[in-house]
Each structure stands twice: as C-alpha cells, then as structure tokens.
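Asks: Sequence:
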Amino acid sequence: MPPKTAITRERIICAATELVRMSGAEALNARSLAKMIGCSTQPLFYQFESMNDIKESVISEAKRVYEAYLMREMERSDFPKYKLSGLGYIRFAREEKELFKLLFMRERENGSVPEEDAVTDEIVLKMSEITGLTLESAKKMHGVMWAFVHGIAAMAATNYLFLDESMISDMMTKVYRGLLSEYGKEDKNDQN
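The opening position of the sequence shown corresponds to residue 1 in our numbering, with each subsequent residue numbered one higher.
None of these hints come from the bench; they were simulated from the model. Just to be clear, a hint being listed does not mean it is correct.
Said to hold, decoys possible - Listed next, with one range per pair, are the computed distances between beta-carbon atoms:
#1 F162 / L135: 31 to 39 Å
#2 L163 / M105: 15 to 23 Å
#3 E75 / S50: 36 to 44 Å
#4 E67 / L125: 14 to 22 Å
#5 L135 / E67: 23 to 31 Å
#6 R9 / E122: 25 to 33 Å
#7 A27 / P80: 37 to 45 Å
#8 K174 / K35: 42 to 50 Å
#9 E109 / E67: 17 to 25 Å
#10 E109 / T158: 17 to 25 Å
Unchecked claim - Listed next, the in silico DMTMM-like pairs over lysine to aspartate or glutamate satisfying Cα-Cα at most 20 Å (straight line):
#11 K97 / D164
#12 K101 / E18
#13 K83 / E107
#14 K83 / D164
#15 K126 / E186
#16 K140 / D121
#17 K126 / D164
#18 K174 / E186
#19 K139 / D121
#20 K126 / E61
#21 K101 / E61
#22 K126 / E136
#23 K63 / E122
#24 K139 / E186
#25 K97 / E107
#26 K174 / D78
#27 K63 / E73
#28 K55 / D121
Backbone N, C-alpha and C fix where the C-beta goes; we use that ideal spot for every residue, glycine too.
Make a model of the complete structure from these sequences and hints.
Replies: Have a look at this one:
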C-alpha cells in the first residue's frame with residue numbers, strides 16, 4: 001500500500017486561500033505557497049497541474065465563503081431579503097477584503113460571470129413579482145441597485161470609506177425607493 005500523501009489538495013487549497021486572505025491574490029505563487037505549507041513546490045504540482053488550477057480552486061473556495069456570508073445574512077429577519085443580500089455583500093467586502101477583491105474586483109476576459117447570470121435572473125423575476133415592474137424594468141433597477149451596493153462594498157474592501165450598517169441601510173432604502181418610483185413611472189409610460 002502506498003504511503004498516505006501528507007500534502008493533500010485540501011491542505012493546499014486551505015493554505016492558498018489563507019495566503020490570499022493575508023496578502024492578496026497577487027501574492028499567490030508556487031514559492032510563497034510552498035513556504036507557507038512548509039514543503040517544496042513538488043507536492044503542489046503533484047496535486048495540481050498548474051498554479052492556474054490552484055487559483056481556480058481558491059476562487060471556488062472564496063465563492064463558498066461568500067455564499068456562507070449571504071446565507072447567514074439572509075437568516076436575519078430585520079430587513080427584507082433583497083436588502084439583506086446587499087448588506088451581506090457589503091459585510092463580506094468589509095470582513096474578507098482580499099477574497100472580495102478576488103471574486104469581484106479582478107479582470108475578466110469578457111465582462112460576464114455566467115454563474116451570476118442565473119442568480120440575477122432569479123432576483124429580477126422575484127423583484128418583478130414583488131414590485132409589479134416589468135421584467136425589463138426590474139432588470140434595469142437591479143442593475144443600478146447592484147452598482148450602488150458594489151460601490152459601497154468596493155470602498156469597504158479598499159478602506160476608502162467606512163459606513164456603519166444603519167447608514168448603509170438608510171442609503172439603500174432611499175436609493176431603492178427612488179429607483180422603484182423612477183422605473184414604475186417608466187412602466188406606466190409604456191402602457192400609454
């Protein structure tokens with residue numbers, strides 16, 4: 001029976017994720033990861049074909065952490081679920097700055113995130129049902145609302161500005177109501 005591998009895929013992913021948390025995605029390379037684990041680079045490439053494979057695994061782990069943030073936030077009952085999803089996004093940016101940057105502030109080849117498109121479609125459908133907006137207006141409204149929330153999250157992730165949750169909640173409510181009014185008017189004009 002072959003000896004048990006001491007450096008597992010899981011251990012590498014865990015160490016790589018921690019390295020990104022501490023030093024950012026740009027610090028993730030074979031040498032720094034091997035040093036953190038306390039091994040040569042050989043075990044890394046025994047478990048993974050390339051550094052790109054390791055980076056993709058770290059992105060998957062960061063998504064898992066992000067989804068856990070959202071799930072915890074959505075369990076609250078003090079705000080509507082739509083607002084809680086935005087607050088969870090901002091909390092993740094504030095508390096997991098480097099993982100947030102890895103997921104939401106990195107270069108993309110084509111500007112689209114397919115796995116997010118399905119989630120967005122579900123949110124837009126629900127928003128349309130709740131508000132009475134057409135699907136097109138709900139999609140536009142969600143896009144503007146997401147850009148607003150992302151701006152706050154990006155400022156939190158980069159320590160540009162700190163706003164407490166009550167201030168963020170108040171701002172989100174005002175923007176949401178303003179957008180709902182604006183896109184509701186747009187829908188009424190379309191019916192004429």
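Asks: Run every hint past the structure and note whether it holds.
Replies: Hint by hint, here is what the structure shows:
no.: 1; hint: F162 / L135: 31 to 39 Å; result: holds (36 Å)
no.: 2; hint: L163 / M105: 15 to 23 Å; result: holds (18 Å)
no.: 3; hint: E75 / S50: 36 to 44 Å; result: holds (38 Å)
no.: 4; hint: E67 / L125: 14 to 22 Å; result: holds (20 Å)
no.: 5; hint: L135 / E67: 23 to 31 Å; result: holds (25 Å)
no.: 6; hint: R9 / E122: 25 to 33 Å; result: holds (32 Å)
no.: 7; hint: A27 / P80: 37 to 45 Å; result: holds (39 Å)
no.: 8; hint: K174 / K35: 42 to 50 Å; result: holds (49 Å)
no.: 9; hint: E109 / E67: 17 to 25 Å; result: holds (23 Å)
no.: 10; hint: E109 / T158: 17 to 25 Å; result: holds (23 Å)
no.: 11; hint: K97 / D164; result: holds (16 Å)
no.: 12; hint: K101 / E18; result: holds (14 Å)
no.: 13; hint: K83 / E107; result: violated (27 Å)
no.: 14; hint: K83 / D164; result: holds (15 Å)
no.: 15; hint: K126 / E186; result: holds (19 Å)
no.: 16; hint: K140 / D121; result: holds (12 Å)
no.: 17; hint: K126 / D164; result: violated (28 Å)
no.: 18; hint: K174 / E186; result: holds (18 Å)
no.: 19; hint: K139 / D121; result: holds (8 Å)
no.: 20; hint: K126 / E61; result: violated (28 Å)
no.: 21; hint: K101 / E61; result: holds (14 Å)
no.: 22; hint: K126 / E136; result: holds (13 Å)
no.: 23; hint: K63 / E122; result: holds (18 Å)
no.: 24; hint: K139 / E186; result: holds (13 Å)
no.: 25; hint: K97 / E107; result: holds (16 Å)
no.: 26; hint: K174 / D78; result: holds (17 Å)
no.: 27; hint: K63 / E73; result: holds (15 Å)
no.: 28; hint: K55 / D121; result: violated (28 Å)
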